[in-house]
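A.B. asks: With these hints in hand, go ahead and build the complete structure from the sequences.
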Amino acid sequence: MSRFIIQNFKKWDFFAVDLEEAIQSRRYTNICIGGGRGSAKSKGLRMIAYRYCRKLPNLKVLMLRRTYVELAENHIEAAVGEQDRIGGKYSSYRLRFERTGSVLRFGHCHEDKDWAPYVGAEFDLVIYDQIESFTEQQ
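Residue 644 in our numbering sits at position 44 of the sequence shown; the count goes up by one each step and never skips.
Hint data in this document are derived by calculation from the structure and do not stem from the laboratory. Note that the structure is a prediction, hence the values are computed from the model and not measured. It is possible that some hints are incorrect.
Unchecked claim - Restraint ranges, calculated between C-beta atoms of paired labels, are given here:
{"hint": "1", "residue 1": "Ala678", "residue 2": "Leu656", "range": "17 to 23 angstroms"}
{"hint": "2", "residue 1": "Met647", "residue 2": "Val669", "range": "18 to 24 angstroms"}
{"hint": "3", "residue 1": "Asp684", "residue 2": "Val719", "range": "29 to 35 angstroms"}
To be verified - Computed list of lysine to aspartate or glutamate pairs in DMTMM-like fashion (alpha-carbon distance at most 25 angstroms, straight line):
{"hint": "4", "residue 1": "Lys643", "residue 2": "Glu682"}
{"hint": "5", "residue 1": "Lys660", "residue 2": "Glu698"}
{"hint": "6", "residue 1": "Lys713", "residue 2": "Glu698"}
{"hint": "7", "residue 1": "Lys689", "residue 2": "Glu673"}
{"hint": "8", "residue 1": "Lys689", "residue 2": "Asp712"}
Ideal Cβ placement from N, Cα and C applies to all residues, glycine included.
C.D. replies: Spelled out as structure tokens, the structure:
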């Protein structure tokens, strides 16, 4: 899988880097993962969310996909199957980690107005899966 970092949204600097190193260094506020179809990018994003939810107390993570169908097929179904193994419990678009009190919330923004419920909500980490499919407003 190819890994890329976007350092600054005004100036797009792409370069290969070890993903674990990029996350641990905390030098980057925006991390994008690239790769071909079937290269486990969505699973990798979910694993990053799981890792931090299991490690940090009361973390609030929002994972977004453009449509509900994509969200269900790429994340919700997998999260339901992985919940026992990772120490979480799925219910109503949320995967709760009882040991840490952290929550991974799943959401979608099919229409431009669908971003409204997330305005004002506080999240420590927001993960866009397939960010190129979102509109600029979203």
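A.B. asks: Take the hints in turn and mark each one as holding or not.
C.D. replies: Now for the hints, and whether the structure bears them out:
no., hint, result
1, Ala678 / Leu656: 17 to 23 angstroms, "holds, 21 angstroms"
2, Met647 / Val669: 18 to 24 angstroms, "holds, 22 angstroms"
3, Asp684 / Val719: 29 to 35 angstroms, "holds, 34 angstroms"
4, Lys643 / Glu682, "holds, 11 angstroms"
5, Lys660 / Glu698, "holds, 13 angstroms"
6, Lys713 / Glu698, "violated, 32 angstroms"
7, Lys689 / Glu673, "holds, 18 angstroms"
8, Lys689 / Asp712, "violated, 30 angstroms"
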